[in-house]
Amino acid sequence: MALSVRGLGDDLSNPLCRVFAPMIGLPAWRVHHGFGSFLTLEFGQPHLKIYEPIVASAKACDRVRQQLARRRITPTGEWHLWIYCCHWRMLSDGAEIAWSEASDDTIGRAASDLDGRLLTGLEVDPPRGTSVFHFEGGRSLRTWPYDGGLEEQWMLHMKSGDIFEYRGDGFYSLGPGDRSMDEAVWHPLRPDAPG
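If you read the sequence shown in the working numbering, its first letter stands for residue 1, the second for the next number, and so on.
To be clear, the hints were calculated from the coordinates, so they are not data collected in a lab. For every residue, glycine included, the Cβ atom is placed at its ideal position computed from N, Cα and C. Errors might be hidden in some of the hints.
Claimed, not checked - Ranges between beta-carbon positions, derived for each pair:
1) G175 - S13: 15 to 21 Å
2) K59 - P22: 39 to 45 Å
3) D62 - G175: 35 to 41 Å
4) G137 - S160: 25 to 31 Å
With the sequences and hints as input, model every part of the structure.
Here it is as structure tokens:
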């Protein structure tokens, strides 16, 4: 059975609804194709994230040392969605415009097309480990797990500092962003699961 988030009227006792309901109706901005097939999307009011210079380890190459020695300033939203370890497909009215294995140019064009579009809903199907982010104009972003299924498909970094993670086996984790991976507690994401 799929879970759906379409707006503030949905079941806020469900963690997925509670986390995503405030984002429904907000535009995605700074939609960006990162390393490999990673995608990032920002939502909500922008603010600057400032990374102070740090000293790299002696083993680091010159390029890494130079980058870490500089202050970096990055605009980010109240919510930062990172499509991470999964397959994904971007659709326009049901027709594929890009997928996770497409060329960088194709992914870049699709990311640009999604930029500025309102998030209208989210559906997840925990037994299948899939999710669909719906956007205005008939656009959608579908995710499904790699073969193993235990990797985090996507992560939502929230303004509170917490992170909501969704795994390919349909489980989720919600907790502080500064916790270690070993400290994450995973729960089944299903309609009858307690929040």
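Enumerated hints in conflict with the structure, sorted upward: Failing hints: none at all.
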